[in-house]
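Protein chains in written order, with our numbering: chain A, 1 to 289; chain B, 1 to 91; chain C, 1 to 388.
The set of hints was computed from the structure by calculation and includes no laboratory data. Here the structure is a predicted model, which means the values were calculated and not measured. Warning: the hint list may mix true and false statements.
Partner residues aside, some chain C positions facing chain A, computed with beta carbon under 8 Å [claimed, not checked]:
no.	residue
1	Ser6
2	Leu10
3	Ala16
4	Leu105
We treat Cβ as the ideally placed atom computed from N, Cα and C, and that holds for glycine.
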Amino acid sequence: MGCPCALHLETRDESVAQAAKTAVLAECMRLDRKYSHYRDDSLVARIAASAGGAIEVDAETADLLDFAAALHAQSGGLFDITAGTLTRLWDAQNGRLPDKSEITIALAATGWERVQWRRPVLRLGVPGMRLDLGGIVKEYAADRCAKLCRDIHAEAGVVDLGGDLALIGPHRDGTAWIVGIKAPRPSGQAAARIELPRGGLATSGDYERALIVDGRRYSHIVDPRSGEPVQGFASVSVVADSCLVAGAAATLAMLMGTQRGGAYLRDLGLPHLTIRDDGSIDGDIVRVD
Amino acid sequence: MHSNVKSPSLSPNPHLRPERVLRWLLAVIALASLAGCATQTVQPWQRGRLARWDMRWDPDPLQAAMDQHAYFSKEGTAGEIGAAGGGCGCN
Amino acid sequence: MRPSPSLSLLLAASAALTGHAPARADETGSEQYAGYRFNVYSEDALSAPSLGDPRRYQVYSQQFLLNMPIGNRNTLSVNATHEVMSGSSPWYVQPGPDGKPIQVLSGATIRDHRSAATAAFTHDAGGNDTTTVSATYSQERDYRSAALGAEHTLPLNAALTLGFGGSFSHDRIEPFEAMLYDRIPRAEKNTTSAFASLSLVLDRYSVVESGIQVNYQSGYLSDPYKLVSVGDALDADTRPGRRSEAAWLLRYRRAMNENAALHLDSRLAVNSWGQHSLTLAANWYQSLGDGWQLVPGLRYYSQSRARFYAPYFAQDSGPFFSSDYRLGAFGAAAANLNLRKRFGHWEFSAGAERYHASTSYALGGTALADPATVSYTRIFAGLDYHFD
């Protein structure tokens with residue numbers, strides 16, 4: 001998953017805890033192997049290799065693609081999973097800023113409009129196109145892990161995949177878990193603590209994977225139309241009935257910039273929290289002190 | 001039958017006169033509606049404790065139904081919040 | 001609160017990936033379960049001066065319930081009851097030698113069956129917005145009743161929910177042995193009822209609900225099996241052809257700690273026959289660990305008499321008269337204790353209630369001693385099966 005992951009569980013049965021741990025680990029590894037942006041043996045890599053041609057995908061991938069397609073339509077093209085080539089350019093691990101020509105080339109290989117998706121066949125129209133499922137897969141994984149835990153009757157707990165949380169179930173006495181929202185700049189402290197009685201909490205932000213050059217931060221969230229990282233909130237956190245929906249909302253708000261993003265979050269009606277570069281905090285999430 | 005036996009005296013109950021009861025009723029309803037302004041809002045995601053089985057209006061619907069049926073048959077006035085169910089010729 | 005259009009789009013798009021929608025905190029009925037109860041109701045023998053068989057009513061009843069979610073937003077709930085009743089019943093009251101009323105009970109033991117079924121369909125639009133429609137049918141040898149009801153709940157804001165609804169029922173009675181005892185051969189009665197309520201989340205631990213209910217009955221409202229002693233004669237129980245009632249209900253629920261909750265319920269009612277009543281009930285839900293729950297409770301009830309009620313009438317002060325104790329002034333105190341145990345999918349429950357009514361318990365007291373106020377014991381045992 002490329003991030004610190006944790007499973008918090010409350011149970012009286014040691015074997016249930018062990019089974020849950022095994023199930024969650026196995027599921028995370030499965031999804032990582034399948035959708036990792038970095039691995040050469042992942043399905044994403046095979047899809048990229050098929051660019052220019054067609055590839056048939058399984059049901060799970062088809063569902064993810066359907067979801068991404070819907071988000072693309074709802075966001076007016078802002079949310080685009082074909083921005084894989086672009087996001088690779090702005091990856092922190094490169095240690096440098098990409099130059100204009102690289103961006104232009106990557107932009108030519110970006111754009112969901114250039115994709116033919118007729119379930120179950122995916123046709124990436126341009127060679128060099130790459131899918132980047134970040135913004136969906138980690139949140140989906142959290143929801144999946146939570147469901148697996150519930151299936152084996154580990155019913156009180158929280159799955160935490162690098163700050164994207166999915167609730168397994170409330171504490172055994174019925175009270176809600178209290179979770180922290182990470183601060184965008186590493187400080188070890190939570191920006192806020194809230195109750196999570198159901199669903200999931202997802203945070204979209206630049207704190208972990210931002211590229212820093214000459215003291216400036218460049219978000220890893222790239223606008224697929226301009227090829228440049230977005231300049232908006234430092235982080236957006238949303239609570240929804242699933243980590244997946246929370247993550248989608250948070251990512252969309254990040255992509256839209258502070259003005260439109262703020263309006264979008266208010267219109268959605270989901271509890272949310274936004275942090276700007278100057279550290280100011282906004283949003284209607286109710287904090288627990 | 002003894003025709004000169006009086007009917008037992010029927011003095012009206014001073015504490016539960018309809019007008020007094022009605023006034024009390026209105027006052028408390030007014031209070032109940034004011035209360036809405038004064039309390040803190042609990043967001044839906046804060047309702048952990050309220051989601052418990054023993055915090056429902058009727059944790060056991062079957063038992064509530066049987067209770068209501070017993071009280072309705074044996075008392076002169078009856079009913080609960082909600083639609084009235086079918087009647088019975090209970091004696 | 002209903003999702004905004006933009007949220008609805010997200011939710012719809014994610015449906016395939018998230019699968020079954022997770023449970024919401026305020027949802028009450030959408031788990032699939034079945035329940036069975038066996039109840040025994042047994043009235044104490046009449047201890048006051050009486051004539052006829054003093055052993056009163058005994059009822060054995062069985063209840064069945066099936067609660068079925070249909071999809072994510074709908075629930076169908078079906079329940080059926082079957083009862084077997086026997087025992088003697090108050091027939092009329094006559095003045096004894098010292099003026100004290102003597103209850104005469106029906107000599108013949110009434111043995112009757114009653115079957116009833118209700119189906120209710122609920123649509124949950126999300127965030128406490130629900131609509132329920134229900135239909136009920138009940139049948140005994142001499143009595144039939146059919147009813148339809150509908151209700152709606154609407155969230156006004158994050159803490160306040162409005163509920164309202166109405167129902168209509170049509171009943172028909174065809175008394176036994178009508179010719180023999182000069183009873184009306186057939187009669188009907190209609191009841192229309194409406195309610196409105198507000199429920200308020202006070203804080204993380206407590207909720208309160210306040211509601212008003214009004215109902216209007218018309219038709220034959222008398223009891224064809226009862227007679228009234230008027231002067232030297234015995235006349236048929238004659239009540240007005242209309243009755244309206246208004247009631248105010250208040251309910252409070254509080255989570256005391258992780259293992260206990262307090263329930264307080266009250267009801268205040270007045271009707272057009274001159275009666276007013278007060279009901280107060282308190283129940284304490286205590287978890288004992290390991291899936292055990294103990295629920296003790298207390299209930300107090302008091303009502304005043306109808307204008308045309310008396311144990312017996314020296315002369316005809318008509319046009320209405322009744323000596324049915326349920327129209328007299330009395331109070332009742334009851335105590336109950338229930339036990340529940342959950343193991344896996346099964347849940348076992350059992351309980352008992354002891355109820356004692358007396359004219360001396362009435363608020364404000366009464367000079368009338370009604371001989372027929374009832375005391376009873378109820379016992380039940382039940383089994384529920386939770387499908388998930």
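Here's how the hints hold up against the structure:
Hint status for C/Ser6: holds, given a least beta-carbon distance of 5 Å to chain A, under 8 Å. Annotation: C/Leu10 was flagged as interfacial toward chain A, and the flag holds, the nearest CB pair being 5 Å apart, inside 8 Å. Interface restraint check: C/Ala16 against chain A, minimum CB-CB distance 4 Å, threshold 8 Å, status holds. Hint status for C/Leu105: violated, given a least beta-carbon distance of 51 Å to chain A, over 8 Å.
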